[in-house]
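Residue numbers (this note's numbering), protein chains in the order written: chain B, 1 to 139; chain Y, 1 to 139; chain W, 1 to 139.
A hint or two may mislead.
To spell it out: a stretch of chain B is covered by chain Y in this simulated footprint if at least three of its residues, at any positions, have a beta carbon under 8 Å from a beta carbon of chain Y; those stretches are [said to hold, decoys possible]:
(1) 86 to 97
(2) 113 to 126
In silico lysine-lysine, BS3-like type, Cα no more than 30 Å apart, as pairs [as the list claims (entries may be wrong)]:
(3) K29(B) to K4(B)
(4) K4(W) to K30(Y)
(5) K34(B) to K130(B)
(6) K122(Y) to K29(W)
(7) K62(B) to K96(Y)
(8) K29(W) to K119(W)
(9) K62(Y) to K96(Y)
(10) K62(Y) to K16(W)
(11) K31(Y) to K34(B)
(12) K46(W) to K31(W)
(13) K105(B) to K29(B)
(14) K16(Y) to K130(B)
(15) K105(B) to K57(B)
(16) K4(B) to K57(W)
(17) K96(W) to K127(Y)
(18) K4(W) to K29(Y)
(19) K32(Y) to K122(B)
Keep in mind that the hints were calculated from the coordinates and are not lab data. Backbone N, C-alpha and C define an ideal beta-carbon position, used for all residues, glycine too.
Here is how the chains run, residue by residue.
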Amino acid sequence: MRFKQINNGYIIRLEKDEKIIETLTGFLKKKKIKSGYFSGIGAVSKSEIAHFSLDRKEYSYKALNGPLEITSLLGNIATSGSQVIIHAHITLSDSKMNVYGGHLKEAAIGATCEIILKKNNKNLNRKLDKTTNLNLLDI
Amino acid sequence: MRFKQINNGYIIRLEKDEKIIETLTGFLKKKKIKSGYFSGIGAVSKSEIAHFSLDRKEYSYKALNGPLEITSLLGNIATSGSQVIIHAHITLSDSKMNVYGGHLKEAAIGATCEIILKKNNKNLNRKLDKTTNLNLLDI
Amino acid sequence: MRFKQINNGYIIRLEKDEKIIETLTGFLKKKKIKSGYFSGIGAVSKSEIAHFSLDRKEYSYKALNGPLEITSLLGNIATSGSQVIIHAHITLSDSKMNVYGGHLKEAAIGATCEIILKKNNKNLNRKLDKTTNLNLLDI
Numbered sequence: 001m002r003f004k005q006i007n008n009g010y011i012i013r014l015e016k017d018e019k020i021i022e023t024l025t026g027f028l029k030k031k032k033i034k035s036g037y038f039s040g041i042g043a044v045s046k047s048e049i050a051h052f053s054l055d056r057k058e059y060s061y062k063a064l065n066g067p068l069e070i071t072s073l074l075g076n077i078a079t080s081g082s083q084v085i086i087h088a089h090i091t092l093s094d095s096k097m098n099v100y101g102g103h104l105k106e107a108a109i110g111a112t113c114e115i116i117l118k119k120n121n122k123n124l125n126r127k128l129d130k131t132t133n134l135n136l137l138d139i
Numbered sequence: 001m002r003f004k005q006i007n008n009g010y011i012i013r014l015e016k017d018e019k020i021i022e023t024l025t026g027f028l029k030k031k032k033i034k035s036g037y038f039s040g041i042g043a044v045s046k047s048e049i050a051h052f053s054l055d056r057k058e059y060s061y062k063a064l065n066g067p068l069e070i071t072s073l074l075g076n077i078a079t080s081g082s083q084v085i086i087h088a089h090i091t092l093s094d095s096k097m098n099v100y101g102g103h104l105k106e107a108a109i110g111a112t113c114e115i116i117l118k119k120n121n122k123n124l125n126r127k128l129d130k131t132t133n134l135n136l137l138d139i
Numbered sequence: 001m002r003f004k005q006i007n008n009g010y011i012i013r014l015e016k017d018e019k020i021i022e023t024l025t026g027f028l029k030k031k032k033i034k035s036g037y038f039s040g041i042g043a044v045s046k047s048e049i050a051h052f053s054l055d056r057k058e059y060s061y062k063a064l065n066g067p068l069e070i071t072s073l074l075g076n077i078a079t080s081g082s083q084v085i086i087h088a089h090i091t092l093s094d095s096k097m098n099v100y101g102g103h104l105k106e107a108a109i110g111a112t113c114e115i116i117l118k119k120n121n122k123n124l125n126r127k128l129d130k131t132t133n134l135n136l137l138d139i
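For reference, chain B alone in the conformation it holds in the complex (with noise of 0.2 Å):
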């Protein structure tokens, strides 16, 4: 992963076979970034996307093998407890230019993934609801 510092957040590339999910979380971390939001354009080798049932009140969850562009990731970075959580959702294309998308489980960088990630100036809460099991924000 790389990263440059830009006007109120930051530009970041992340490598091949790095988890989307897994490798920012870590950077928030290390920055102590706990409010923000995000999007970028790339390429992943595999991926696990889900979709919510509010009738079951849970994820079902579909892999995809093999490579596929990601035409738009957007995401949004909240706290829960001590916890920084991110919220993405993902549209990825095949080489027939067919797309599949979803709630963004995890998924493994292919060639390159660029994104712009920039802080918001208060912080933001998830809870969990009971109404529909999810951590919605709490604002």
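With the hints as your guide, set chains Y and W onto chain B.
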């Protein structure tokens, strides 16, 4: 709907059954925000999206029922006369991670929708363009 | 192409038949913008998108003819030597709301394209990476 003021904008959480365009438009009026842009992720329970035909100079609409993840919601805020206008496009994914998208007419939120909204420091106006029959940015 | 300066960047409106990469690159040169990022929505009349193969170290291309909505255009601006380089990925939807996407080689605008472009306060350089044969961010 819940929100928290940050830097030059707001973090917004839309709640179950709230309509994206209707709820955001009400918020913008209340906060007197006339120019800006936003991005978001979350989920919808039902949505109506559209595709514009330049030949026929009109939108065709498609209703998508059932829970879909919002993998990307991108939009901007401008005015047309005294009205605040939200223009947004959305990308949605189903439980098989297949993806649908288009111009967002309206959508009702599923579990949550988390939006970053930023204000512009100058007004943006829209004006009817006769060639396309669309309300284009008059800049 | 039309534009209006806002905060730390520009609102840009691309017009019918203008090419996204070509027109934006010309604008960046004129405004001497060497580092930044952008997002946009709109529609294209034809486009060429690409998928990168790490194995073959090259892109494969697909031409998409016909009007498609841009549900997401995300990109960044950097330099490679004296050249300004736009790197953008795009997500597109057809009249049945099916979605296609990938690395944006080039696309011609349909009715309109509305872009928010922000400048970074530090330069970003790209450099040929021999492992991937891609011009990666040299940060």
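Against the structure, the hints come out as follows:
1. 86 to 97: Coverage by chain Y holds for the segment 86 to 97 of chain B (5 residues, Cβ < 8 Å).
2. 113 to 126: holds (count 4)
3. K29(B) to K4(B): With a Cα-Cα distance of about 16 Å, the restraint between K29(B) and K4(B) holds, given a limit of 30 Å.
4. K4(W) to K30(Y): holds, 26 Å
5. K34(B) to K130(B): Satisfied, since the Cα-Cα distance of roughly 24 Å is no more than 30 Å.
6. K122(Y) to K29(W): Roughly 24 Å between the alpha carbons, so the hint for K122(Y) and K29(W) holds.
7. K62(B) to K96(Y): Distance of about 8 Å is within 30 Å: holds.
8. K29(W) to K119(W): Roughly 13 Å between the alpha carbons, so the hint for K29(W) and K119(W) holds.
9. K62(Y) to K96(Y): Holds: K62(Y) and K96(Y) sit about 19 Å apart, inside 30 Å.
10. K62(Y) to K16(W): holds, 25 Å
11. K31(Y) to K34(B): Cα-Cα ~26 Å, so holds.
12. K46(W) to K31(W): Holds: K46(W) and K31(W) sit about 27 Å apart, inside 30 Å.
13. K105(B) to K29(B): OK: K105(B) and K29(B) at ~19 Å, within 30 Å.
14. K16(Y) to K130(B): Holds, at about 13 Å.
15. K105(B) to K57(B): Measuring from Cα to Cα gives roughly 16 Å; hence the hint holds.
16. K4(B) to K57(W): holds, 26 Å
17. K96(W) to K127(Y): holds, 28 Å
18. K4(W) to K29(Y): It holds: about 23 Å lies between the C-alpha atoms, which stays within 30 Å.
19. K32(Y) to K122(B): Measuring from Cα to Cα gives roughly 22 Å; hence the hint holds.
Hint check: no violations occur; every hint is consistent with the structure.
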